[in-house]
Amino acid sequence: MAKKKQPSEKDILAHVLVAEEGLLGAALQDLSDYCKEWGIDPNNMLEKIEKIHPDVAEEHEDLLVDLLEWWNKKSAPPPAPPSNCIVIPSYRDDNDVLHVLFTTDFIREAIVKVHIEPRLRKLLFDGGTLTLCRLGEEKVLEDSLVVANQIKAVVRNVLARELPPKCIETEIMSWDPKDLNTIYEVWDSYVPYIEPSNFSVWRRKHDDNYCMYRCPIEPDDTIEFPKTQEFLDRLTDGPAFAAFIYGVWSGLYAGRQVMWIWGPQGEEGKSFFTTEVLSELFGLDKGLKAISNNLATAGGRFGMGAVGDAVMVLYPDANNTMITHSEFLKTLAGGGRDAVSKEKKFANPVTSIVKARVIVTSNFTPHVTRENFITSRIFIQKIKPFVGPKDPSIGKVYRQELPGFLAHGKRCYDELCANHEEIKKNKAADKLLEQVISACNPEWEDFVSRVFEFTAEGVVTIPRMKEILEEHNLRNDYKALTGFLASNYGIRAHQRMVEGERPYGFWGLKERDQAGFSSSSKGLGDYD
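Per my numbering, the very first residue in the sequence shown carries number 546; after that it's consecutive.
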């Protein structure tokens, strides 16, 4: 069958002009049919008809108006579909049979884009304004692509169960996934392990990169912070604490110090203050993670999995004072120097980087020795008891004062941490650390000070050291004493060449003429 030839404008106009004998109505109907069939704009034709046959055009005004309305409707762009609809490309043949133009991948990707991503954004990121990684995006790290593909697989499994079998019969299809919880759970289980360079669990207010929590606070010098200042004044070194908070919040601080706030009486408000302030700055369970005593004791890869990608880790009401000897704290406070193994329950372990900083609040001091790795990192702050009536609205006040507190923290940080590696302590904080170190072995500290004196040329041989211990009824404590000397003073048994001989013993020690032993020790509660 030969293909019909489309009439030209001249042919259509000539067809209308034959209507001088009253056949204009039929000619206009033919014109309408031609326009419908060939998609020709009849507006120009109508103008010419009105000019050439004004009398007849007036007689057939209804037909002209109908034709004009039909064409305007035909030429107008189709209305935009609702936001929850997916438009499937389609056309109808001569027999008005609908044909859809899509592949299985098209419909699945369209559903992911229209339904899955917006809901994930709403569920996970800043009320829908941000997303972790766009499914299928190639500019994210390999780990993110793997996760995205795994989520896609889950989405497709959902589609296989939920996609209406007759959806292809409609030009515009609405679809609402019923199994969104499954998608969310799978996504959420992998969130801690996604670390594209442009993603963080936490960002400041004006950062553009993706995040799970965006801090609404910015430093403001015009905001007063009297209640917060009262809290800082009760600390051993309030400016250093403010500098630490600001340094982590600003992202400038690259050191590995651990802030340990010690309140021997309890009820000083240390845990309350840190929770209120840190949750507002970093986002509770987003940039801020809290660990329990059980988790701190267990540590390991499950502890790291619980911490995730936190910016700040809070260990409130700590009773595990020996955590300062653990690899868990050493790695956690490592400032992202080392790769670690993370694992969440029922998930495969992954290797990642932990870049968190740590604040501990406790009624006890940490156990610190001179040789322990934490000695150079621990920053102990003693907090004085709270005096005055309790204010039930103090948490709200702390949050309102945060802009002023951050501005104060910036000034303190600029003064105390110019190298971004170590926040300087004041003399009171240095003295407190020395007292805590001495108190960790009070009996040996007292014993050594009474029995020995430190001198570069002195030496106590191993047999003599054992005799001294036996004289003081400590014959079974040789390893304990030598371990104390090594960890606190760096004194170990070794040989030196002296006047042709090689005495083997503890160099740097000299036995006093008279020595006694007292097991008394100064109580920690007496420290300033």
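These are computed hints drawn from the structure, not numbers from a lab. It is possible that part of the hints are untrue.
Cross-link-like lysine-lysine pairs, in silico, DSSO-like; alpha carbons within 27 Å at most [stated by the list, open to error]:
| hint | residue 1 | residue 2 |
| --- | --- | --- |
| 1 | K976 | K941 |
| 2 | K831 | K889 |
| 3 | K969 | K900 |
| 4 | K955 | K972 |
| 5 | K929 | K976 |
| 6 | K890 | K900 |
Computed Cβ-Cβ distance ranges for the label pairs, DEER-style [stated by the list, open to error]:
| hint | residue 1 | residue 2 | range |
| --- | --- | --- | --- |
| 7 | A1038 | A973 | 48 to 54 Å |
| 8 | A843 | K976 | 32 to 38 Å |
| 9 | D862 | G1035 | 20 to 26 Å |
| 10 | F918 | A973 | 40 to 46 Å |
| 11 | A1038 | K935 | 55 to 61 Å |
Just so it is clear, CB atoms sit at the ideal spot from N, CA and C, and this is done for glycine as well.
Going down the list of hints, with the structure as the test:
Pair hint K976 plus K941 does not hold up; C-alpha atoms about 35 Å apart against a cutoff of 27 Å. Restraint check: the Cα-Cα separation between K831 and K889 comes to about 16 Å, which is no more than 27 Å; the hinted pair holds. A C-alpha spacing of about 21 Å is found between K969 and K900, which places the hinted pair at or below 27 Å, so the restraint holds. Simply put, K955 and K972 have alpha-carbon atoms about 21 Å apart, close enough for the 27 Å limit, and the pair holds.
Taken as a hint, the K929 and K976 pair is honoured in the structure, with Cα atoms around 16 Å apart against an allowance of 27 Å. Straight-line distance between C-alpha atoms of K890 and K900 comes to about 21 Å, which keeps the hinted pair within the 27 Å bound. Separated by about 37 Å at the C-beta atoms, A1038 and A973 break the suggested range of 48 to 54 Å. Here the CB-CB span from A843 to K976 is close to 34 Å, well matched to the stated 32 to 38 Å.
Evaluation of the 20 to 26 Å hint for D862 and G1035 yields a failure: the beta carbon distance comes to about 35 Å. The given range of 40 to 46 Å is broken by F918 and A973, whose C-beta atoms sit roughly 24 Å from each other. In this structure the hint that A1038 and K935 lie 55 to 61 Å apart at CB holds, the actual value being about 56 Å.
Going down the numbered hints, you'll see the structure goes against 1, 7, 9, 10, while the others check out.
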